[in-house]
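Q: Sequence:
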Amino acid sequence: MLKKFLVSISFLSPFNKDAITAYPATTLCAYTVAASFDELSSYLSPNLNPNELATLYEHVDDVDLVVGVLAERPTRGSLVGDVTGCIIGSQFQKTRNADRFWFENYFAPSAFTEEHLSAIRKTTLAGILCSTTGLITIQPNVFMVSDHYE
Numbered sequence: 001m002l003k004k005f006l007v008s009i010s011f012l013s014p015f016n017k018d019a020i021t022a023y024p025a026t027t028l029c030a031y032t033v034a035a036s037f038d039e040l041s042s043y044l045s046p047n048l049n050p051n052e053l054a055t056l057y058e059h060v061d062d063v064d065l066v067v068g069v070l071a072e073r074p075t076r077g078s079l080v081g082d083v084t085g086c087i088i089g090s091q092f093q094k095t096r097n098a099d100r101f102w103f104e105n106y107f108a109p110s111a112f113t114e115e116h117l118s119a120i121r122k123t124t125l126a127g128i129l130c131s132t133t134g135l136i137t138i139q140p141n142v143f144m145v146s147d148h149y150e
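Residue 150, in the numbering used here, is where the sequence shown stops; the numbers in between run on with no holes.
Keep in mind that the hints were calculated from the coordinates and are not lab data.
Take these hints with a grain of salt, some might be off.
Claimed, not checked - Here are the simulated SDA-like pairs of lysine to any residue, each with C-alpha atoms no more than 25 Å apart in a straight line:
id: 1; residue 1: K94; residue 2: S118
id: 2; residue 1: K94; residue 2: H116
id: 3; residue 1: K94; residue 2: L79
id: 4; residue 1: K94; residue 2: E104
Everything numeric in this text was worked out from a predicted model, so none of it was measured.
Please model the entire structure based on the sequences and the hints provided.
A: Set out below in structure tokens:
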């Protein structure tokens with residue numbers, strides 16, 4: 001219920017002049033910024049009409065971030081669009097770099113040597129599962145469900 005409420009507030013944010021717009025995120029991720037609602041159509045999901053956004057916003061730069069990422073066309077092979085992927089990737093990178101327990105961060109004297117890091121990077125979850133569970137074969141990407149039709 002709370003999630004639906006927060007999304008509802010985001011959709012009402014064209015009337016909130018303090019709302020975060022999609023424009024800064026688009027420029028932060030170094031993507032081409034649409035100058036008009038017509039140009040925006042190539043970035044939107046195919047079932048969305050940019051004229052619908054034009055009725056809510058005065059200018060394409062005014063589109064709210066939440067509305068923009070929900071309307072964004074997913075990148076091929078992904079569930080999210082380019083801007084959403086950039087935001088998630090940037091946040092992951094910042095979180096990882098700030099984590100003092102992340103194995104690649106160097107905080108002496110507990111830091112791994114280059115030899116240790118090399119060995120850790122060669123380790124895969126598939127390899128761990130094979131060596132600890134008695135599996136003989138497993139697909140390399142253990143998070144992918146096998147598909148016999150591809």
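Q: So, for every hint listed, does it hold in this structure?
A: These are the hints, each one checked on the structure:
Of the pairs offered as hints, the one joining K94 and S118 holds, with about 22 Å between alpha carbons and a cut-off of 25 Å not exceeded. Annotation: proposed proximity of K94 to H116 holds, straight-line Cα distance about 23 Å (limit 25 Å). A C-alpha spacing of about 22 Å is found between K94 and L79, which places the hinted pair at or below 25 Å, so the restraint holds. For the hint pairing K94 with E104, the CA-to-CA distance comes to about 13 Å; that is within 25 Å, so the pair holds.
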